[in-house]
Amino acid sequence: MNDSPAKNSTSDYIVLFLIFLFAFIFAFNIIGEPDTFWHLGIGRYILTTHSIPEHDVFSYTLPNTPFYRVEWLFDVVWYLLYSLFGAAGLIVMKALISGLTAALLYLSMQHYRVNKYISFMIITGIYIIAGSFFYDRPQLITYLGIALFVFITSIPDIDNKRLLWSIPFIMLVWANMHPGAAFGLFFLAAWALEGFLDVLKQNKKVKEIYARLIVFFISCLAAFMTPSTYRLYAFLFQNVVALGAKTGLGFINEFMPPSFSQTPVMFAGLVMFTVIVIAGLRRMPLRYVLFGLVMLPLSFDMRRMIIILLIGIAAGAGITVDRYLSVFNGSVLQRTRQGRFVVSSICILMIALMFGSEIYQYETDFTGYKGIGIQKQFYPDKAIDFILEHHIKGNIFNSTELGGAVIFLGYPRIKDFIDTRLDPERFLLSEVDSAMRNPAACENLMNKYGVAYSLIENAVPINYKKLFPSPQWHLVYFDDYVQIYVKSETGNDELIKDYTYHVFDPYSFLYSPNPLFSPDAYFTKPGLLDDLQRLVKEVPYSAYAHLAYGLALIYNNGDYDNGLRHIDRAKHMMQYDPIVLLWYGIEHGLSGDIAGMKKIFNRVNTVLKHREGTTDRDRAFVNLVMGYYYYVSGLKEPAIERLKEALRLDPDLPQAQALLNRIEMR
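So the sequence shown is numbered by the numbering used here: it starts at 1 and just counts up by one.
Keep in mind the hints are simulated off the structure, nothing from the lab. We put the CB at the ideal spot given by N, CA and C, even for glycine. Fair warning: there could be bad hints in the mix.
[As the list claims (entries may be wrong)] Lysine-lysine pairs mimicking DSSO-like chemistry, simulated, CA-CA at most 27 Å apart:
hint : residue 1 : residue 2
1    : LYS537    : LYS465
2    : LYS393    : LYS415
3    : LYS466    : LYS370
4    : LYS644    : LYS598
5    : LYS382    : LYS415
6    : LYS448    : LYS415
7    : LYS636    : LYS599
8    : LYS370    : LYS525
9    : LYS609    : LYS370
10   : LYS598    : LYS537
11   : LYS598    : LYS609
12   : LYS497    : LYS525
13   : LYS525    : LYS599
14   : LYS537    : LYS487
15   : LYS465    : LYS448
16   : LYS393    : LYS382
17   : LYS376    : LYS609
18   : LYS537    : LYS525
19   : LYS525    : LYS393
20   : LYS465    : LYS376
21   : LYS599    : LYS609
22   : LYS497    : LYS415
23   : LYS487    : LYS466
24   : LYS393    : LYS537
25   : LYS466    : LYS448
26   : LYS393    : LYS466
27   : LYS497    : LYS537
28   : LYS415    : LYS370
29   : LYS466    : LYS376
30   : LYS497    : LYS487
31   : LYS370    : LYS393
32   : LYS609    : LYS636
[Stated by the list, open to error] Cβ-Cβ distance ranges computed for the label pairs, FRET-style:
hint : residue 1 : residue 2 : range
33   : ASP616    : GLU389    : 56 to 64 Å
34   : SER166    : LEU200    : 25 to 33 Å
35   : HIS502    : ASN557    : 13 to 21 Å
36   : ARG437    : GLU54     : 44 to 52 Å
37   : SER259    : CYS220    : 30 to 38 Å
38   : LEU62     : ASP593    : 50 to 58 Å
39   : LEU84     : PRO156    : 35 to 43 Å
40   : GLN655    : ARG437    : 21 to 29 Å
Let the hints inform the model, and build the full structure from the sequences given.
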């Protein structure tokens, strides 16, 4: 099957560069993973103590929990990169790994003389389907490792004698960076079996597969040369058994099955590659057939497996498509004008899809997904600075997604309550889930672990005022991403006295309909203006602080000029936040800028349409608000249009129906 590749032309290098560039751009995203920070914290701990912890030293809740020393080498390398180059170093390295993975797949296909345009389409298709899985996490090493094995084993045996011996070394490094090395072992096993069957078919001499068998055997030994030995590969299995498949993995988005409703491109692409694998059962080398047949069922059950599947079978898929598009002794794509036109059109379409998706992301992404930086939702550095600077005493309760940042930014002065490592024994998950739904359960949890203060995120619409009620609990810090509540009689009474916000309630401001429909009543509450004036001074970097203060100035003092100035500043700071945009449109519309209000309202709907986690009910409520303010502004037709859209999204919205009836009766 492996023939010596043809001499490379200029166009081959151009296609290779384009593939590398596209894959690089796909992964060139800001750090947006909560896991990243505990990886950095563990890497720092290993380098400073010259040891790998055997028990959990980062969380006070389960101090005797065994620490599974998986991924330790990745943690060290990742922290070294961060210490030398900051966030930019991690982002560029992630993008380079993505680009190198794609380039290796392309070169692998060239070893099989797969048409370069077919290779281009297969690889770009993989990235369109599942390129979003190139997170800044150790699974990157598994993607690169599989691509390396695919590349090395695609080289003809006669040319590959020296390079084969790099495989055990790659496996040794891989196994110490990510347990996904198990997939590499399986790929090598399929490759060795393929050679053995070739001998049985008398396609090769017995001595020609000795190298394969020896390389596979040494790689198996290397795969267990880690601090965790066999526990490395039992880790995920233990997680599932201890917590149950649904409890242990069901809440993690990437472990959910792909579906047309949630991930239509991913699901459709998986079906397409399934067809290619079935069609290529007799055409592609056995290693790709076996890898595909085992990984396909896993991919339909867990979307995280899709990218591993696609990388492992990419070369085989290219071979299959190329063979089916060949006619007799020549390729349709190379030998006919119609074939070249078809493939050119498809390649142009793939380029348009990839660049189009990137450009569209820049226009609609409210988090600023591309570029150099850190997504602040998972990195509350200012809040943790507040905790450290004011020496808040006692045990912390933190949201699960914030645990990594607590470890990286606060350890050893702060030990976290829970984080996303989720070792098998971390049954806190169910306790925390129950506590966030019920005030009594929350109180029991806080008392059980002696919690003195809490660091919780704004992104989840939970009424923390009910979970942490006064006079026991006091809101002492708020910004665009997190809140800090401190409990009385925990040694922090001086802090409570100086920093408590007595009237301001983040949940009511961000998620309650009252401010939107009754701003005159809400923003004139006694003491609210004083709270917001202090808030905007203490957290001048908060868009929500400026928004709330601006609205209070307008409705409490009638100070439209200064109020709009603060609202404009909030919009400048958070250009894609729907709450900020909605208020910006309302207040500018009420001030006479009707055209501006229409433009901003349209933008809000665009952001909500593409914002992950937004439900039809959320969008219906926002359209109800828009309809109401169009009506208040005397714009009957736009009001009717928005209210009908609200009812289409949520037919059980009585406020929308009542307002629509009132407008239509006039």
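Tested hints:
For a cut-off of 27 Å, the pair hint linking LYS537 to LYS465 stands: about 23 Å separates their Cα positions. Pair hint LYS393 plus LYS415 holds up; C-alpha atoms about 12 Å apart against a cutoff of 27 Å. At roughly 37 Å between alpha-carbon atoms, LYS466 and LYS370 are farther apart than 27 Å, so this suggested pair is violated. Proposed proximity of LYS644 and LYS598 is supported: the alpha carbons are some 16 Å apart, at most 27 Å.
With a C-alpha separation of about 17 Å, the suggested pairing of LYS382 with LYS415 holds against the 27 Å cut-off. Taken as a hint, the LYS448 and LYS415 pair is honoured in the structure, with Cα atoms around 16 Å apart against an allowance of 27 Å. A threshold of 27 Å between alpha carbons decides the hint, and for LYS636 with LYS599 the separation of about 17 Å falls inside it, so the pair holds. For the hint pairing LYS370 with LYS525, the CA-to-CA distance comes to about 41 Å; that exceeds 27 Å, so the pair is violated.
Proximity of LYS609 to LYS370 is assessed by CA-CA distance (about 19 Å); at most 27 Å being required, the pair is judged to hold. Proximity of LYS598 to LYS537 is assessed by CA-CA distance (about 32 Å); at most 27 Å being required, the pair is judged violated. With a CA separation close to 17 Å, the supplied pair LYS598 and LYS609 stays within the 27 Å bound. Distance hint between LYS497 and LYS525 is fulfilled; the C-alpha atoms sit about 21 Å from each other, no more than 27 Å.
Distance check on the hinted pair: LYS525 and LYS599 sit about 31 Å apart at the alpha-carbon level, beyond 27 Å; violated. Restraint check for LYS537 and LYS487: satisfied, since their Cα atoms lie roughly 24 Å apart, inside the 27 Å limit. Restraint check for LYS465 and LYS448: the C-alpha separation of about 20 Å stays at or below 27 Å, so the hint holds. For a cut-off of 27 Å, the pair hint linking LYS393 to LYS382 stands: about 18 Å separates their Cα positions.
Pair hint LYS376 plus LYS609 holds up; C-alpha atoms about 22 Å apart against a cutoff of 27 Å. Proximity of LYS537 to LYS525 is assessed by CA-CA distance (about 20 Å); at most 27 Å being required, the pair is judged to hold. For the hint pairing LYS525 with LYS393, the CA-to-CA distance comes to about 32 Å; that exceeds 27 Å, so the pair is violated. With a C-alpha separation of about 23 Å, the suggested pairing of LYS465 with LYS376 holds against the 27 Å cut-off.
Under the criterion of a C-alpha separation no larger than 27 Å, the hint pairing LYS599 with LYS609 is consistent with the structure, at around 16 Å. This hinted pair checks out: LYS497 and LYS415 have alpha carbons roughly 25 Å apart, not beyond 27 Å. Distance check on the hinted pair: LYS487 and LYS466 sit about 14 Å apart at the alpha-carbon level, within 27 Å; holds. Our distance criterion of 27 Å between C-alpha atoms is met by LYS393 and LYS537, whose separation comes to about 25 Å.
Among the hinted pairs, LYS466 with LYS448 is consistent with the structure: their alpha-carbon atoms are about 19 Å apart, no more than 27 Å. Between LYS393 and LYS466 the alpha-carbon distance is near 23 Å, which keeps this suggested pair within the 27 Å criterion. Pair hint LYS497 plus LYS537 holds up; C-alpha atoms about 17 Å apart against a cutoff of 27 Å. The suggested pairing of LYS415 with LYS370 is violated, with an alpha-carbon distance near 32 Å, which exceeds 27 Å.
Restraint check for LYS466 and LYS376: satisfied, since their Cα atoms lie roughly 25 Å apart, inside the 27 Å limit. For the hint pairing LYS497 with LYS487, the CA-to-CA distance comes to about 12 Å; that is within 27 Å, so the pair holds. Under the criterion of a C-alpha separation no larger than 27 Å, the hint pairing LYS370 with LYS393 is inconsistent with the structure, at around 38 Å. A hinted pair counts as satisfied when its Cα atoms are at most 27 Å apart, and LYS609 with LYS636 qualifies at roughly 24 Å.
In this structure, ASP616 and GLU389 break the distance hint of 56 to 64 Å, their C-beta atoms being roughly 43 Å apart. Our hint of 25 to 33 Å for SER166 and LEU200 holds, since their Cβ atoms are close to 28 Å apart. Distance hint check: the CB atoms of HIS502 and ASN557 are about 19 Å apart, consistent with the given range 13 to 21 Å. Separated by about 35 Å at the C-beta atoms, ARG437 and GLU54 break the suggested range of 44 to 52 Å.
The supplied range of 30 to 38 Å is met by SER259 and CYS220, whose beta-carbon atoms lie about 37 Å from each other. In this structure, LEU62 and ASP593 meet the distance hint of 50 to 58 Å, their C-beta atoms being roughly 55 Å apart. Distance hint check: the CB atoms of LEU84 and PRO156 are about 40 Å apart, consistent with the given range 35 to 43 Å. For the pair GLN655 and ARG437, the supplied restraint of 21 to 29 Å holds, since their beta-carbon distance comes to about 26 Å.
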